[in-house]
Amino acid sequence: MSSTIARRVRATAAVVGVALALAACGSGTTPQLGDGGTAAPGGSGDAAIVWGLEGGQSESYVAAVDRWNEEHPDQPIELQMFGNQGYKDKLRIALGAGQGPDLMFSWGGAALKTYVDAGYVEPIDDPAITDRYLPSVLDTVTFDGKVYGAAINNIQPVVILYNDAVFRQVGAEPPTTWDELLDLVPVFEEEGIAPIALAGQSKWPQLPYLGYLVDRIGGPEVFDAIVANEPDAWSHPAVTQALTEIQTLVEAGGFVDDHASIAYETGAADALLYTGRAAMMVVLSQAYSNIKTAAPDFVESGDLKAVPFPAYDGGAGDPANLVGNPSNFWSVNASATDEHKETVLAFLAEQVMNEEYIGEILDRSAVPGVTTARDQITERDDTFAEMVVELTEAAPHFQLSWDQAINPSQAEQLTTHLDRVFLLQTTPEEFVSAMNATLDAQ
Amino acid sequence: MTTTLPAVPAGAAGTRGDGPGARRRSERQPVSAWLLAPALILFGGFALVPLGGAVALSFTSWNGLGTPAWLGLDNWGAVLTDHVTWLTLWITLQVMVGTWLVQTPLSLLLGVYLAPRGRWRAWMAAVYFIALLMSSSAVALVFKNLLDPNFGLAGPAGPGFLRHSWLGDPNTVLIAVILIIAWHFVPLHTLLYQAGARQIPGSLYEAAQLDGAGTVRRFFSITMPQLRYTIVTSSTLMLVGSLTYFDLVFVLTAGGPGYATRLLPLHMYLTGFTATEMGRASAIATILAVVGLALSLGLTRLSGFTRMQSQQEGL
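If you're matching them up, the sequences are chains A and B in order. Our numbering applies: residue 1 is where the first sequence begins, and numbers increase by one. Our numbering applies: residue 1001 is where the second sequence begins, and numbers increase by one.
These are computed hints drawn from the structure, not numbers from a lab. Heads up, a few of these hints could be off.
[To be verified] What the simulated footprint calls covered on chain A by chain B, stretch by stretch (three residues with Cβ under 8 Å from a Cβ of chain B suffice, anywhere in the stretch; the number is not a length):
hint, stretch
1, 88-97
2, 100-108
3, 173-186
4, 268-281
5, 293-304
Just so it is clear, the structure is predicted and the values come from calculations on it, not from any experiment. Note that the Cβ used here is the ideal one computed from N, Cα and C, for glycine as well.
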């Protein structure tokens, strides 16, 4: 009997030992979840809760909360950071259950509007907060003339980032029209370089193609009709033509093979670009900051360059129009206590988009959507940041990313059906009729 | 509760070779129904009440905020006429059958192999068990990176036979998902079979060996029949369990490419939390519950699990 026990002890020890060894291996490479969070010094009991999303500019959220807590120990703020996946669901459930944060991270647009309509978000009246922002930034969070969010990061138009070393290698110039883009595909294919990197599994990187092409071909009115839920709004010929162009690009081999299995969050799409395995990427300008973090030497060498999304010959839309995310926002929870509301509003006015905060964002080659940033940008002589400012200032229309601009139910259908367009599993006509059905459902 | 159930051999492993004298019938005594209360309260509170809530929600329109609005049968009509519902049910069925076909032989053989005592086998059992200790999300993230077609083992740097976009090709992604699920859950079923195989009296094997039966013959004539109920248990867990695969697939492929890996539970989640149509998602949830219930009832009925009898009569 004793030998049985001894064996069991040995077996258990083996399991525990190997498990511990694995855990030790893991801890070296796994980011600690708590890293981003900043606990208030006074304990979390009476602290105002702020929710943030991990991303290129999230270090500034942490720094701002740290500065606030240092200066206002009597009004502590606790910042809780989340990953992108599942955040929206968590926010919705928390708000619905009355457990939402005092200050919530959001994208503005239709999703925020559903919260506003349901009475979960308080308008921000303080001009000290709202007067700083550019009109295109404020538009995303303005409903019925009231402002429901304060921008906390950078203007993110979608641009074409490209690897200049690869372009020099094949002797090509970045595209200025859609046809030039199509013509570049065989040039890179011949050299064994993927023309365009695409993180298809994440689905949202596919949206700018449709957003831009529809805007270039038919103008902003096409999507305005879709947002307004006008019957058969998706049947506009610009939509079908844009989808056909996308499928032409897919069939020509424009995207990296295996684009369907690449998720943006893993950094693989960025890596394809900076390792020279792909020439271009159509992506939110945020990717520039991400690549600057992942491959500083590459950005330092000056080979990461950007051009606006190409024009479309014969299109009705203005080629200066932009698609993207004007910013991300912090919105005030309407059911927060008066004390917490006072704390977070003072925090927004004092620590968000002050000179230090703006400087940190500019350091990452990102441009905050505030008028007060202009001088600092000129001082820095950062070509990419200047390009983003110029594009934004020159844009007659800045379209919020489509998945944020329409309601979540339609957005889910949109991303799924567009994914199937990229996979050549569905035709433009089937896409249009499926999307028109979501309008009828309203 | 007045009928006496056939007695289960008490501690069969400990009484190996002791003969029938070592077994005794347990005496049945009337037991107070109150002893059921804790289990009933837990089951009612965490299973029945939410289930009723989901059924009720399936007749409403609700986006997760505010008050649900009564809608009648509209959600049910929409869900039952939507081809995506049937497609996801079909994909779920494929995963169900696939996981069973892959996992059962593997875990049966591993379990039987690991059953005899021995230092080497104990060590192997410990190693095999590790996969089960990891969270599904971690497993999914690891495989997602391993199978990355550009920078993972499935990329140019990895072995040639792996060179394929496993998660990006709609034709292979389901196979990849089934194999990864197997990697994660085979240890659990191996454990079941290992325990089952250890219950088989050694005297059966000795007798067979004296009669000249080889390893293969002993496996099919003694081990397999003796493990009959373990196979039923393990299969039920696998088949019904495949209705709950969500976290792993959500992290691994998010249901894509296209609809290729959109299992029914994932479809429910995406409908409820991404598309914020809680009513429609509740209708899918109800379908899921009904399918699961029918499946486990059907399995126990078909396999004679409810009439379970000792496999060691006369030993």
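Each hint tested on the structure:
A stretch counts as covered by a chain when three or more of its residues have a beta carbon under 8 Å from one of that chain; for the stretch 88-97 of chain A and chain B the count is 6, and the coverage holds. A count of 0 residues in the stretch 100-108 of chain A with a Cβ less than 8 Å from any Cβ of chain B is obtained; the coverage claim is therefore unmet, three being the minimum. For the stretch 173-186 of chain A, the assignment as covered by chain B is violated, since 0 residues bring a beta-carbon within under 8 Å of that chain's beta-carbons and 3 are needed. Requiring three or more residues with a Cβ within less than 8 Å of a Cβ of chain B, the coverage given for the stretch 268-281 of chain A holds, as 4 such residues are present.
Judged by the Cβ-Cβ criterion of 8 Å, the stretch 293-304 of chain A is not covered by chain B as claimed, because only 0 of its residues qualify and three are needed.
When held up to the earlier numbered hints, the structure conflicts with 2, 3 and 5 and fits the remainder.
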